[in-house]
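Colleague: Okay, here's what each chain looks like letter by letter:
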Amino acid sequence: MAAEHGPTAGEYIVHHLTHLQNQKPKSVMDFSVFNYDSIFWSITLGVVGCWLLWLAARKATSGVPGRFQAAVEVLVDMVDTQAKGIVHNAESRKLVAPLALTVFVWILLLNAMDLLPVDLLPVIFEKAYAIAGHDPHHAYMRVVPTADLSVTMGLSLGVLLVCLFYNVKIKGLGGWIHELFTAPFGSHPVLWPFNFLMQIIEFVAKTVSHGMRLFGNMYAGELIFMLITLMGGAWSLSATGIALAVGHIIAGSAWAIFHILIITLQAFVFMMLTLVYIGQAHDAH
Amino acid sequence: MEVISFVALAAGLIIGLGAVGACIGIGIMGSKYLEAAARQPELMNELQTKMFLLAGLIDAAFIIGTGIALWFATANPFLAQIANLPK
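These protein sequences, in sequence, are chains A and B.
Counting the first sequence from 1 gives a position; the numbering used here is that position plus 1349.
Counting the second sequence from 1 gives a position; the numbering used here is that position plus 280.
Hints are computed from structural coordinates only; laboratory data are not their basis.
On a predicted model such as this, the values are computed, not experimentally measured, just so you know.
Computed cross-link-like contacts, PhoX-like style, restricted to lysine-lysine with a CA-CA straight-line distance of at most 25 Å: (1) A/K1443 x B/K330; (2) A/K1433 x B/K330; (3) B/K312 x B/K330.
The following block holds chain A by itself, in its conformation from the complex (with noise of 0.2 Å):
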């Protein structure tokens, strides 16, 4: 077998950073690339998500609850009042609440996963592909699916979607293009143009804003914690060495502890905003 080096410091983050694909991109917004560690990690953590609720739900007891169900009360309780103070219409309430509760909690636990080893699954995953015979150099692996831009965007335009039909179904579909063409400026056709520009930019801003605001937190997240595990790595018996593993071992935890309150953080801050997006689209301007 050839000699082969370790990875240099910048081989390893490239190769962390790297996504399970089906192609290259051939260019920044390729559409017919596929990040399969996403797929299936946002697909298992949605799964694990709902039957963590469904837990808590099939034995619920209006008697002295347990403490999971006291705290799955706290949590729903929590989404609820928020959805309350936000959205006033109550029978939209009915598919906004569940809907604000269910982005919660699944991009709580998209995100907890970047409090995991770095290497521990890429590793994992690594092994069982060589095992399957294909080359491990190309094992490449991202557990934190929001850390993916496709992912966010795709939440947020999800988001877009449920506030478009809002729109629609409270002002009626003539209501929302007469809105759309006179708000904010006035009524004049002359400003109609301006209105729908300012509208369309509002719409666009929004939408990017929510999901880049995740994607930026857990990338950048993600980055700081690969830079802390390439400061363990080169570690050694000399004070240099010592000094990098203690500050490894130091800077991993602080950057951890205050990680739990970012991805907490986010995961409210895109609950609230999705909250609060469709609520604006029951207020007529």
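Could you slot chain B onto chain A? The hints should help.
Modeller: Using the frame of chain A, we list chain B on its own:
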């Protein structure tokens, strides 16, 4: 080589300037929250929820910028363009 040095400078500027904006914004918002909590302590919990929401929103543009800058720093798309230029 010039492209690499410019990309490194750009990544630093993106992260630094974004951090300036985000930190000043959080500072102003946090000070307003503390003033409000001091004036009306009974609203502290409700306002705290809203404060965290605003913190997430203020950090958004900065962290999007950091994500893009780190992307350029590691998997630089400009190098691929140079490699594809006709010789």
